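J.: Residue numbers (my numbering), protein chains in the order written: chain E, 1 to 874; chain R, 1001 to 1108.
Treat each hint with caution, since some may be false.
Stated by the list, open to error - Simulated crosslink set (DSSO-like; lysine-lysine; CA at most 30 Å straight-line):
1. LYS1006(R) / LYS80(E)
2. LYS1017(R) / LYS21(E)
3. LYS65(E) / LYS1081(R)
4. LYS1077(R) / LYS17(E)
5. LYS62(E) / LYS1006(R)
6. LYS1077(R) / LYS396(E)
Source of the hints: derived by calculation from the structure; they are not laboratory data.
From a predicted model like this one, the values you see are computed outputs, not experimental measurements.
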Amino acid sequence: MKRNEYRPPIVAEILLKFLAKHEDEISLIGDFEEEFVCYWQNSGSFKARLWYWMNTFNSIPKFTKHALRRGFTMLKNYFKIAGRNLVRHKGISLINLSGLSIGMACCILILLYLQYELSYEKFNKNSENIYRLCVEFNGSPIPVTGPSFGPAIENDYPEVVKAVRIYPMSTMAPRVPVKYDNRQFYEENIYYADDSVFEVFTFEMISGDPADALTRSNTIVITKTSAEKYFGEIDPLGKILKLNTNEYTVTGVIEDVKLNSHLKFDMLCSFQTLYDQRGYDQMGSWQTALDYYTYIMLSEDADQMELENKLPGLIEKNMNTETNSTGISVRLFLQPLESIHLHSKMKYEISANSDITYIYIFSVIALFVLLIACINFMNLATARASVRAKEVGLRKVMGAYRQSLIRQFIGESIVFSVFAIVLALLIVKLSLPVFTSITGTDLSIDYDSMPWLIPGLLFISLIAGVAAGSYPAFFLSGFQPVKIIKGSIYGNKKGVNFRSLLVVIQFSISIALITGTSIIYKQLNFMKTKNPGFEKEHVIVLPLTDRSVIRSLDMLKEEFKSFSGITEVSASLKSPGEEPGAFYYIPEGISGDKPVLMQYINVDDEYIKTMDISILAGRSFSNEMRTDAYSSVIINETAAKSLGWVGTTGNYEGCIGKTIRGMGGVREVIGVISDFHLQSVHKAIVPLFVDYIPGYYNTLSLKVNPEGLPNTINSLRKKWKEVVPGSPFDFHFLDESYDKQFRADEKLSEIFSYFSILAIFIACLGLFGMAAFSAEQRVKEIGIRKVLGAASKGIIFLIGRDMMKLILISNAAAWPIVYFASSYWLKSFAYHTDIEPQTFIYSSLLVFLIGIITISYQSIKAASADPVESLKKE
Amino acid sequence: MKLLTKTEEILLLAIWKLNDEAYGVKVREKVMDMTGKLFTYGNLYCTLDQLTGKGFVMKYKGEPTPERGGRAKTFYKLSEKGLTALQEAFEINQSVWDGVSLYSFTRN
Chain E
1 MKRNEYRPPI VAEILLKFLA KHEDEISLIG DFEEEFVCYW QNSGSFKARL WYWMNTFNSI
61 PKFTKHALRR GFTMLKNYFK IAGRNLVRHK GISLINLSGL SIGMACCILI LLYLQYELSY
121 EKFNKNSENI YRLCVEFNGS PIPVTGPSFG PAIENDYPEV VKAVRIYPMS TMAPRVPVKY
181 DNRQFYEENI YYADDSVFEV FTFEMISGDP ADALTRSNTI VITKTSAEKY FGEIDPLGKI
241 LKLNTNEYTV TGVIEDVKLN SHLKFDMLCS FQTLYDQRGY DQMGSWQTAL DYYTYIMLSE
301 DADQMELENK LPGLIEKNMN TETNSTGISV RLFLQPLESI HLHSKMKYEI SANSDITYIY
361 IFSVIALFVL LIACINFMNL ATARASVRAK EVGLRKVMGA YRQSLIRQFI GESIVFSVFA
421 IVLALLIVKL SLPVFTSITG TDLSIDYDSM PWLIPGLLFI SLIAGVAAGS YPAFFLSGFQ
481 PVKIIKGSIY GNKKGVNFRS LLVVIQFSIS IALITGTSII YKQLNFMKTK NPGFEKEHVI
541 VLPLTDRSVI RSLDMLKEEF KSFSGITEVS ASLKSPGEEP GAFYYIPEGI SGDKPVLMQY
601 INVDDEYIKT MDISILAGRS FSNEMRTDAY SSVIINETAA KSLGWVGTTG NYEGCIGKTI
661 RGMGGVREVI GVISDFHLQS VHKAIVPLFV DYIPGYYNTL SLKVNPEGLP NTINSLRKKW
721 KEVVPGSPFD FHFLDESYDK QFRADEKLSE IFSYFSILAI FIACLGLFGM AAFSAEQRVK
781 EIGIRKVLGA ASKGIIFLIG RDMMKLILIS NAAAWPIVYF ASSYWLKSFA YHTDIEPQTF
841 IYSSLLVFLI GIITISYQSI KAASADPVES LKKE
Chain R
1001 MKLLTKTEEI LLLAIWKLND EAYGVKVREK VMDMTGKLFT YGNLYCTLDQ LTGKGFVMKY
1061 KGEPTPERGG RAKTFYKLSE KGLTALQEAF EINQSVWDGV SLYSFTRN
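One chain only, chain E, in its complex shape (with noise of 0.2 Å):
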């Protein structure tokens, strides 16, 4: 009888043969088969197949039953031998699971944080119902619309549930000062809302009415911080909060905004504050300025795509034909509410948002620390591996199974792993306060909310495990006894080669990350150290937010000027790093249907002066000059240059005279300043539109002595209360706000360093268990070649040479890696600096040293040790 005549299902076959234990397979298969080709000679082929399936299917319960106390047996054994083993070799044990659990612990906060970064908005029950309306003006995309949008949209498209209309105050004025009976503070987050806010968005009140609370003019709703902070133990509700010179009725308090939220309040007054202050003409016309954030519920079958195809209409019914017959495009989309962290990089954004990129980045960042970890525990357990393979041979000879030893070794790395797990979650607890700080964010390891955590961990430890034990698992196990226990598999170069390439890769990620964070940190510097183009140092900035203070402006200024201390002063409606307006302007010589988008700052006649600003041409504004308010204007270096107004020459006094119209109509150029940063190096320069009207002033900025500066502030702040003594004496430094710009990039070259450190002690730590190792196995080596005359020093070379070989590869491995994404990196910068080879040179030569600092502790020992001892032993 053929065998081939009666071939059982292949699949259920071996199903079978993964089920039995080692041993009883042979004859279980056998039974199966023997059953089987008695069932096909009787009633046929199909029979017989589902007989042996169905068979194999109701055996699986028993056996798996089986198997499992079995396995709980064998896990008991696999705990014994790694406890020991533990033991057995502390330092290197010590090593490995410290490198592998500061590795997961790296990981699990990275990963806390990058959970944090894509929550955002999530809070609000209905975050996936809610867009913000937005506007593409001439192809450029802005966040913000203007108030008659927000009430038009919700009342002509019965798919817009609610719309809630957002108007920063500091949109006015970037700090207003706010007062409760004695208490008074500066506060920069109060934003307009309507009524509807607490329906589209989740604020949970504390007390108050969410229906009632923002529909009557001058109410105010604030958070539980602010609350504490102005009343204290008293109830809030129904006093009255004093903000400038306007009173507001507390009409609410809420729980504090969380921290994962794009909109970062304080304190909401109602909207219909705003059209009492400002009329409902102004109001209601969709002429005005667009300063307003309008945020949209749809309902829950409504399509975006649907919705927004629709809104060109509201533009037709609502705007008139004269601004289009000004040839700008004014086209209105949605933008998902939870994708505005992340995705939104617009102009005028309400707050600073985060960027997708840096989530790549820190998720390849968790990724490498944790391959790094990973590597280093492989490499360890390998080396360990080949000094354990007498321990292999000898099972081998008692007679144990290929499989069996397999599953030892794997199973101990996996124990192992694990370990290094409730370790690493350790590490985490105890960090995540410093974690915390440096991010900005109230992470925390909540396991609800993130079900994935655990089965997560356990499977990275699996993997770790199983890829750290199958070198020893199935290279040891393959082998013949008699080999190994001979020993020669000793020196084994396959191994060796195998480890090398391990120890390549873990250095050339210490490497790269390395100079990547030299890179950052260069361009941090580039931008901090570059010349803005003004002078930023001790120019001392006042806000200017009360009315009685602008009404005596002349006086006050007049007064500082008197100061010793003082050399120049000026007043302003920005300062260097606020975020300037921008307007379209109808220069001369270019047509009507083609504006000019210009920033525009608004400035008094001693402003260019105090900032130190270099004059190209022409003049700057004077007060002599009569019609120098409100119908003259300089413009910046970019200006003249894209105007088309400069030519080849270079010359700008042909810039002189020429007219600019615009929303206050028309303006003649009396003078070109030098480009200066006005925002960060990040931007472009573009064309600037410097304005000349006395009274719209925001800021006040000195010049002062650094000399007996302290007394210079002690004199203002006295001068001050005596000119205006209603209003709180309110100072910074330009050079520090004007710095607050570089404040993410700061962050991100601070993680960054942080885990490039860890990294490279993770990699360190690698490094010296290998030393270690490597020193151990060749003590004897060690031990004949000093007896036999050897230098310390030719052994100390010795041990190090590999060690090193290995990382100058791996240099020449990070370099081109590094060099493509650092480039593309600064490419996101407006102006930035080269990648020069020194970075390279030092990054790899810092490595380079720490590598030899790491492993000439073992070397050091092993060329001292006596060679008496070490030839002794055995």
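Given the coordinates of chain E, assemble chain R onto it according to the supplied hints.
T.: Quick look at chain R alone, frame taken from chain E:
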């Protein structure tokens, strides 16, 4: 000494009755003859493994046969301990069932 489970008892008896012929397929058939119930192979092998572990049965390899795809049979045989266990089980069964007849459980 712990009592044998019913499954163990039946398997031991089947092996004993089969004498030199006790391997997987035959044991399963015997159990079927005796009880009218068909054990799954899972149940069979796991219980046999337990019995081997406890030392009630010993196993030895037979010659490979062609109808099994050239695979050897594993034969089972009772050990001294297994025989004693069966003896005990018999006595216990007798005393447990003493004074009970098939009709004792019928309701009138």
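J.: Does the alpha-carbon distance linking LYS1017(R) and LYS21(E) stay inside the 30 Å limit?
T.: 26 Å, holds
J.: Does LYS80(E) sit within 30 Å of LYS1006(R), going by the straight-line distance between their CA atoms?
T.: 36 Å, violated
J.: Please verify whether LYS1077(R) and LYS17(E) have alpha carbons no more than 30 Å apart.
T.: With a Cα-Cα distance of about 24 Å, the restraint between LYS1077(R) and LYS17(E) holds, given a limit of 30 Å.
J.: Are the Cα atoms of LYS62(E) and LYS1006(R) separated by 30 Å or less?
T.: Holds: LYS62(E) and LYS1006(R) sit about 16 Å apart, inside 30 Å.
J.: Take a quick look at whether LYS1077(R) and LYS396(E) sit within 30 Å of each other, Cα to Cα.
T.: 29 Å, holds
J.: Decide if the proposed pair is consistent with the structure: LYS65(E) and LYS1081(R), CA atoms, cutoff 30 Å inclusive.
T.: With a Cα-Cα distance of about 26 Å, the restraint between LYS65(E) and LYS1081(R) holds, given a limit of 30 Å.
Checked against the numbered hints above, the structure breaks only hint 1 and satisfies the rest.
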